[in-house]
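Use these hints to put chain B onto chain A, whose structure you have.
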Amino acid sequence: MVIGIGNAKAGTGKSALALLLASYLAKKQKMSVYLSGREDRWTLGWLGERSSLLEHTLPFQYLPCEIGLLGALREKLGAGNNSCMLIELPSDLQHTELIEAISGLELLICPFCYDGPTLNASIYFASLALRIRPSLPLLFVPNRIIQGASYPLKEQADKVLRQIGSLSTPIPSLIGFQRISSLLLPAGLVESCSATLDLIHSQYLSKLKNGKP
Amino acid sequence: MINPTQFFYGISALYFFYYLFNLIFDLLVSGSPAARADAVLIDIPSFAEPIDASVIDPGGAEPEPDETERYLGSGPISTSGGVTIQEIIGLAEGDAILLTNQISS
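Residue numbers (my numbering), protein chains in the order written: chain A, 777 to 989; chain B, 138 to 242.
Bear in mind the hints are in silico, worked out from the structure with no lab data behind them.
Nothing here was measured: the structure is a model prediction, and the numbers come from that model.
Do not rely on the hints blindly, as some may be mistaken.
What the hints assert, rightly or not - So these bits of chain A aren't anywhere near chain B, every CB distance computed over 12 Å:
id: 1; residue: Val778
id: 2; residue: Gly821
id: 3; residue: Ser944
id: 4; residue: Ser968
id: 5; residue: Ser970
What the hints assert, rightly or not - If you anchor each label on the Cβ, the simulated ranges turn out as follows:
id: 6; chain 1: A; residue 1: Ser957; chain 2: B; residue 2: Pro141; range: 42 to 52 Å
id: 7; chain 1: B; residue 1: Phe153; chain 2: A; residue 2: Trp822; range: 36 to 46 Å
id: 8; chain 1: B; residue 1: Phe154; chain 2: A; residue 2: Pro962; range: 36 to 46 Å
id: 9; chain 1: B; residue 1: Gly147; chain 2: A; residue 2: Gln805; range: 52 to 62 Å
id: 10; chain 1: B; residue 1: Gly231; chain 2: A; residue 2: Lys930; range: 23 to 33 Å
id: 11; chain 1: A; residue 1: Asn858; chain 2: B; residue 2: Val220; range: 44 to 54 Å
id: 12; chain 1: B; residue 1: Ile161; chain 2: A; residue 2: Arg909; range: 54 to 64 Å
id: 13; chain 1: B; residue 1: Ser241; chain 2: A; residue 2: Thr945; range: 20 to 30 Å
id: 14; chain 1: A; residue 1: Lys852; chain 2: B; residue 2: Asp163; range: 53 to 63 Å
id: 15; chain 1: A; residue 1: Ser867; chain 2: B; residue 2: Ser241; range: 23 to 33 Å
id: 16; chain 1: A; residue 1: Gly924; chain 2: B; residue 2: Leu235; range: 32 to 42 Å
Every residue gets a Cβ at the ideal spot worked out from N, C-alpha and C, and that includes glycine.
Same shape as in the complex, but just chain A (with noise of 0.2 Å):
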């Protein structure tokens, strides 16, 4: 399955749960995972380099790669039934090639915190990917929410995202985040996610893995 991670507004932890799924799905799903990204200095290709400074052996593989080529990247690792690749889709989203990204996806999941720009950039995104592929399911996570703290946009924000896509159960705002400074994430950062993370998989992934999106 393929499976796009994208938000039009930078800084919303794209990826930060691009390599959450990918470490949750590698270790606790066991399936083989490829994650790419794009090749520059952006947050994954940064700590990519730093991976492969420090010889870190990863539960996935990453693959970083020019959005152009995401189409001949997917072709040349296949579908298996017990693989998954997961794309970091850019922000800037004046790019002729996201016409194909988006087209290739099984499913688009798009991290999200509950202020007006984000929600803003979030639903603008969602509908573009919508008018590129208008049967991509969508899968909305909210994310970096403090427990206890109020978000007075979160009731509308949530009726309104549930009329395009899903909404998961949120991921919430660890310190453990900040301190990622490779691919290799700390164990115990996945733990603390695994409840939003196992809702993720049984619910949309398991289904796109037997073939009913």
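Quick look at chain B alone, frame taken from chain A:
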């Protein structure tokens, strides 16, 4: 008591054995490529493999191309269906405005 020359020789010998040990250790410990055999090697340039012109027979009769190949004979063409990314962005902006208007900020 040792003189500077003896000290220099002593240090040189020590370094020599130290680096020799490092070299042997690296050769033995770093492992064979088979240890990483499960890694998928992606060779990006190989996506577009060159055409070997020498195997094309120039004398052979070309089969008559059908109606579509006659005009679109330069390989598979990927198309968005005649809509540019700018047009899609414009349509998406309209959809997004309708949705975000439902959130009072």
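Hints, one by one, checked against the model:
Residue-level check passed: A/Val778 sits 15 Å from the nearest beta carbon of chain B, beyond 12 Å. At the 12 Å boundary, the C-beta of A/Gly821 stays outside the reach of chain B, the nearest C-beta of that chain being 15 Å off. Listed as a non-interface residue, A/Ser944 keeps its Cβ farther than 12 Å from every Cβ of chain B; the least gap is roughly 19 Å. With a minimum CB-CB distance of about 29 Å to chain B, A/Ser968 clears the 12 Å threshold, and the non-interface call stands.
Distance check for A/Ser970 against chain B: the nearest CB is about 26 Å away, which clears 12 Å, and the non-interface claim stands. The given range of 42 to 52 Å is respected by A/Ser957 and B/Pro141, whose C-beta atoms sit roughly 46 Å from each other. At about 39 Å, the CB distance of B/Phe153 to A/Trp822 agrees with the hint of 36 to 46 Å. Restraint check, B/Phe154 to A/Pro962: a C-beta distance of roughly 39 Å satisfies the suggested window 36 to 46 Å.
Taking 52 to 62 Å as the suggested C-beta distance range, the pair B/Gly147 and A/Gln805 conforms, at roughly 59 Å. Roughly 25 Å separates the CB atoms of B/Gly231 and A/Lys930, a value that falls within the hinted 23 to 33 Å. A beta carbon spacing of about 36 Å between A/Asn858 and B/Val220 contradicts the range 44 to 54 Å that was offered as a hint. In this structure, B/Ile161 and A/Arg909 meet the distance hint of 54 to 64 Å, their C-beta atoms being roughly 57 Å apart.
Between B/Ser241 and A/Thr945 the beta carbons are some 25 Å apart, a value that agrees with the proposed interval 20 to 30 Å. Between A/Lys852 and B/Asp163, the C-beta spacing of about 33 Å breaks the proposed range 53 to 63 Å. The supplied range of 23 to 33 Å is met by A/Ser867 and B/Ser241, whose beta-carbon atoms lie about 26 Å from each other. Taking the beta carbon of each, A/Gly924 and B/Leu235 are about 33 Å apart, inside 32 to 42 Å as hinted.
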